[in-house]
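Novice: Bring the two chains, given one by one in their own frames, into a single complex with the hints.
Chains A and B are the protein sequences, given in the same order.
Going by numbering that gives the first Met the number 0, the letters in the first sequence line up with residues 0 to 101, in that order.
Going by numbering that gives the first Met the number 0, the letters in the second sequence line up with residues 0 to 154, in that order.
These are computed hints drawn from the structure, not numbers from a lab.
Here the structure is a predicted model, which is why all the values come from computation and not from measurement.
The beta carbon of each residue, even a glycine, is placed where N, CA and C say it ideally should be.
Only part of the chain A face toward chain B is listed, based on derived beta-carbon distances under 8 Å: (1) 27; (2) 28; (3) 31; (4) 35; (5) 37; (6) 41; (7) 45; (8) 69; (9) 72; (10) 73; (11) 76; (12) 80.
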Amino acid sequence: MVLRGTQAAPFHGAPGAWQLTLTAAGMIAVVNSVVVASCAGLVLVATGVDSLAIPVAAGALVGAGTFALHHRHHRRARDTYTPEAVDLAAILIPPTRPADAA
Amino acid sequence: MSANDHGIATRVFQPDPPAAALGPGVGPAATFATTEHFNLQIARALTVSEANGRASIYLAALSSNLIALAFIGQMSRLGVAFYAFALILLPVLAFVGTVTCLRLVQSSVEDIAYAHRIALLRAYYLRVSRSSRRTWWSSGGRRPRRSTEHQAHGN
Numbered sequence: 000m001v002l003r004g005t006q007a008a009p010f011h012g013a014p015g016a017w018q019l020t021l022t023a024a025g026m027i028a029v030v031n032s033v034v035v036a037s038c039a040g041l042v043l044v045a046t047g048v049d050s051l052a053i054p055v056a057a058g059a060l061v062g063a064g065t066f067a068l069h070h071r072h073h074r075r076a077r078d079t080y081t082p083e084a085v086d087l088a089a090i091l092i093p094p095t096r097p098a099d100a101a
Numbered sequence: 000m001s002a003n004d005h006g007i008a009t010r011v012f013q014p015d016p017p018a019a020a021l022g023p024g025v026g027p028a029a030t031f032a033t034t035e036h037f038n039l040q041i042a043r044a045l046t047v048s049e050a051n052g053r054a055s056i057y058l059a060a061l062s063s064n065l066i067a068l069a070f071i072g073q074m075s076r077l078g079v080a081f082y083a084f085a086l087i088l089l090p091v092l093a094f095v096g097t098v099t100c101l102r103l104v105q106s107s108v109e110d111i112a113y114a115h116r117i118a119l120l121r122a123y124y125l126r127v128s129r130s131s132r133r134t135w136w137s138s139g140g141r142r143p144r145r146s147t148e149h150q151a152h153g154n
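Here chain B stands alone, though its shape is the one from the complex (with noise of 0.2 Å):
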């Protein structure tokens, strides 16, 4: 520890003797991977966003609709109108739950793709630091394997 022109306490950064053997790129590097791992994260909250503000407009249209048809059907009485309403509407409605439940399963799919893509980032962290070991857990950047999934889940 040293103190600068201002009078203000300075440390050296020293890295761990693992990252240090890495070489001089690793600095960079890391401040690459820090960065992707920002971005990815965003990512994913994004398509969970996504997912949450699709499904709501979804649901949203489902709700009025049924309000639409109850003040239909209340007021030809179960006649031809409210049949041509429900007909016309339903379909539609369904066409957009349709696409809804394909974009969302889109969207998971994503969700899983950079949840991979982060665990691969933490493997590279933690090789870089291998003091963090002990405080992080991390799967390595490999997909579990079912054997230990069945222990997990007590089978």
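Here chain A stands alone, though its shape is the one from the complex (with noise of 0.2 Å):
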């Protein structure tokens, strides 16, 4: 599914923002998100950072970023859904032959 376009109003019944999180999609964003900011953590150690502090506080400002995108991208998914988009994306509906049209 490709999300473009501005973003729809969320419908009705649709599960909310912290609700998000505790789908099996938020969970992986949630550990994705430490991976990441353990990754930027250790790239500041390597490049010689001597400070305990300074590596911890940037890891946990890109963690908190990287879940910010993984939750947008999910909300905006969410919101974006219409039942003809998804039929759209999941089912081929062969073109008419001429035989058919005829």
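Specialist: Here you go:
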């Protein structure tokens, strides 16, 4: 599913922002944010930063940003959901043959 | 109730009056709808199982990666080898996690779509057999209104 265009209003009955964190995608988003944060911290340590506070703070910032990005994508996918778009993405409708159209 | 040539009791099926009023095409249409319902349920179960599988694969990769990092850190005493190993493996793991998360989001949206279509089919069943309204709960294929949702949550 490709997300383009303006953000639509969330449909009624859709899971809330916090509920999205409780899904499998939310769980992977949290774990992946920690991985990215630790990667960023390790990069800083490898470049020669001696203080422990700087890599920890930078890692926390990067992790929070990564989680915000994941969460934003999840919210946008939920808000732009329409049954027709899912049908177009998931169901192949063959073109009409000339014999059928006649 | 009557018996056939083999002595087996048979009964002629009489549809509900509203269903009979819908016309002779209701029987095949109900069969198509039931088949579609079954396929949608299978597709919905597949999205859940795919999400579980992908999440499990990612967590297994993460777990083995952390164990490998611990071994390397112990052997190299957190030296250059540890950083090289970590800075190669962690970005790869982050990429795998990002791709897994994107696919899981797609799966959850597909799951919502399938649930919506199943609700539409249930609305069709209720139209065909109005007597089932007493025993089934259904949203009628419509999304619940916000006010109803707030009442349900006690707000």
